[in-house]
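Visitor: Quick mapping for you: the protein sequence lines, in order, are chains A and B. Read in the numbering used here, the first sequence has 173 at position 173, and its numbers run on one by one without any break. Read in the numbering used here, the second sequence has 312 at position 91, and its numbers run on one by one without any break.
No lab work stands behind these hints: they were computed from the structure. Please note that the accuracy of each hint is not assured.
Stretch-level coverage of chain B by chain A, calculated; a stretch enters the list once three of its residues show a Cβ under 8 angstroms from a Cβ in chain A [as the list claims (entries may be wrong)]: (1) 342-356; (2) 360-372; (3) 386-393.
Glycine included, every Cβ here is placed at the ideal spot set by N, Cα and C.
Each chain is listed here by its residues.
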Amino acid sequence: MNAAWALLWKDLVTEWRSRDRLVAMVVFSFLVVVVFQFAWPPMEAGEMTRFAPGVLWVTYLFAAVIGLGRTFALELENDAMTALALAPGTRGWLFLGKAGATWVLITAVQAMTAFVFALFFRVDLMTGVVGFATLVAVANVGICSIGTLLSAMSVRSRFREVLLPVLLIPTLIPILTSAVVGTTATLAGEGLPFAALQPLIVIDGVYLILSFLLFDFVLDE
Amino acid sequence: MAAPHSAPDPADSIQRSLRVLGWLLVLLSPAYAWAVITAPIDRVQGVMQKILYVHPPLAYGAYLGFVVTAVAGGLFLWRQQAVHDQLAIAGAEVGTLFCTLMLITGPIWARGAWGPGNWWVWDPRLTLTLLLWFVYLAYLLLRSFTEGDERAARLASIYGILGVALIPLNYWIIDLAGGRAQHPENIEQGSLGAGMGMPFLVGNLTLFFAFAYLLVLRWRVGLLQNALAEAEAEADRGPQRAA
Numbered sequence: 001m002n003a004a005w006a007l008l009w010k011d012l013v014t015e016w017r018s019r020d021r022l023v024a025m026v027v028f029s030f031l032v033v034v035v036f037q038f039a040w041p042p043m044e045a046g047e048m049t050r051f052a053p054g055v056l057w058v059t060y061l062f063a064a065v066i067g068l069g070r071t072f073a074l075e076l077e078n079d080a081m082t083a084l085a086l087a088p089g090t091r092g093w094l095f096l097g098k099a100g101a102t103w104v105l106i107t108a109v110q111a112m113t114a115f116v117f118a119l120f121f122r123v124d125l126m127t128g129v130v131g132f133a134t135l136v137a138v139a140n141v142g143i144c145s146i147g148t149l150l151s152a153m154s155v156r157s158r159f160r161e162v163l164l165p166v167l168l169i170p171t172l173i174p175i176l177t178s179a180v181v182g183t184t185a186t187l188a189g190e191g192l193p194f195a196a197l198q199p200l201i202v203i204d205g206v207y208l209i210l211s212f213l214l215f216d217f218v219l220d221e
Numbered sequence: 222m223a224a225p226h227s228a229p230d231p232a233d234s235i236q237r238s239l240r241v242l243g244w245l246l247v248l249l250s251p252a253y254a255w256a257v258i259t260a261p262i263d264r265v266q267g268v269m270q271k272i273l274y275v276h277p278p279l280a281y282g283a284y285l286g287f288v289v290t291a292v293a294g295g296l297f298l299w300r301q302q303a304v305h306d307q308l309a310i311a312g313a314e315v316g317t318l319f320c321t322l323m324l325i326t327g328p329i330w331a332r333g334a335w336g337p338g339n340w341w342v343w344d345p346r347l348t349l350t351l352l353l354w355f356v357y358l359a360y361l362l363l364r365s366f367t368e369g370d371e372r373a374a375r376l377a378s379i380y381g382i383l384g385v386a387l388i389p390l391n392y393w394i395i396d397l398a399g400g401r402a403q404h405p406e407n408i409e410q411g412s413l414g415a416g417m418g419m420p421f422l423v424g425n426l427t428l429f430f431a432f433a434y435l436l437v438l439r440w441r442v443g444l445l446q447n448a449l450a451e452a453e454a455e456a457d458r459g460p461q462r463a464a
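Isolated chain A, as found in the complex:
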């Protein structure tokens, strides 16, 4: 348990001092939001809001993939991965620390992206801000748990930049589906529907438990 807190704190402090991942993810997210504006035919503002939730979540997922790709890259230097593997106790706690730090980072990036998104898509985020924030926070638990596991698996492979998205994106589809349904409702001011939250909670549970248990086998002896 202590290992989880130590690793979470270490990752956040390192990130705060360099801000590498944060800046890269924010710039990338802004770019993706803007790129969509050039990619479709001219349309009315009302029509645009129909696509908005999907565009937002595709942006979120791609930014998460970028951030997750760097989760263990830092540990490769000076062979810190071996040191992690040698740490006493259940390795699942190491996973939780890493996933927790990534959760904080990704959520911060998503909050910043949301403002830019609201500006460009002329969406009033304030109407359902509590429901939307809850949805993002819950969805991120699933994204970070499966993402941290797969990031640790792909970090030592060839073509790890390609391998991680290929491994990760199919597992994120169920999260994407529910998150878009929920965001559509909150943006329309209908409140967060349980039909969108329930699957996310179940996915979170499944991914968290599986990743916690399977992480034991990821690090090399």
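Got chain A sorted already, so can you dock chain B onto it with the hints?
Guide: Showing chain B alone in chain A's frame:
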């Protein structure tokens, strides 16, 4: 030269089951072809309906292959024996083959039944199968991109288990999201017309044995490759020991 085994060699039983499965296939294949040719032609869909005798059995094979991969992967993580890992590879490769053929035969039927341009619909089960296909392509990529046999086996086992966990999860999510269902429900019985039950049954049996034959064959090839690699490593060590 080889050390005497205390237990019976698993290669012998694999060889024996291959022979039995091979003979079953030789006997069943002509019956299958005959049953499909002589099956009545559907009044509405015409000859295209006969894809029914190929498409669902392929689906069972695909799912079975992925379950084999997950179970064998779990056994590998538990016991650390290469024989389980080789079974997991066989399950994934044969499962991917069946899944690919299923994804090809489905649209051919759709095009035939619904007319030009109707190759694909986002039907729940179709979507799920497509996702599954991507998961197992990712599994095969993970194996080929990971360096070191032991590490590749370990990481692939993890992903195989995740992949199977995704099946019920996706099924449920897609069901919740709603969508047009082009496939009959499993519980729906008696949806086959007169004279179609027998070719369907023979098709299922034949393709099941074809699945099992390919699975065991691929398993044997993997085990032989392992044995060869070990023998070569042993041969390399030999001269060093003499010197």
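Visitor: Please go over all the hints and tell whether each is borne out by the structure.
Guide: Hint check results:
1. For a cut-off of 8 angstroms, the count of residues in the region 342-356 of chain B with a CB near a CB of chain A stands at 3, and the three-residue condition holds.
2. Judged by the Cβ-Cβ criterion of 8 angstroms, the region 360-372 of chain B is covered by chain A as claimed, because 6 of its residues qualify and three suffice.
3. Evaluation of the coverage hint for the region 386-393 of chain B: fulfilled, as 5 residues show C-beta separations to chain A shorter than 8 angstroms, against a requirement of three.
The structure fails none of the hints (numbered hints given earlier).
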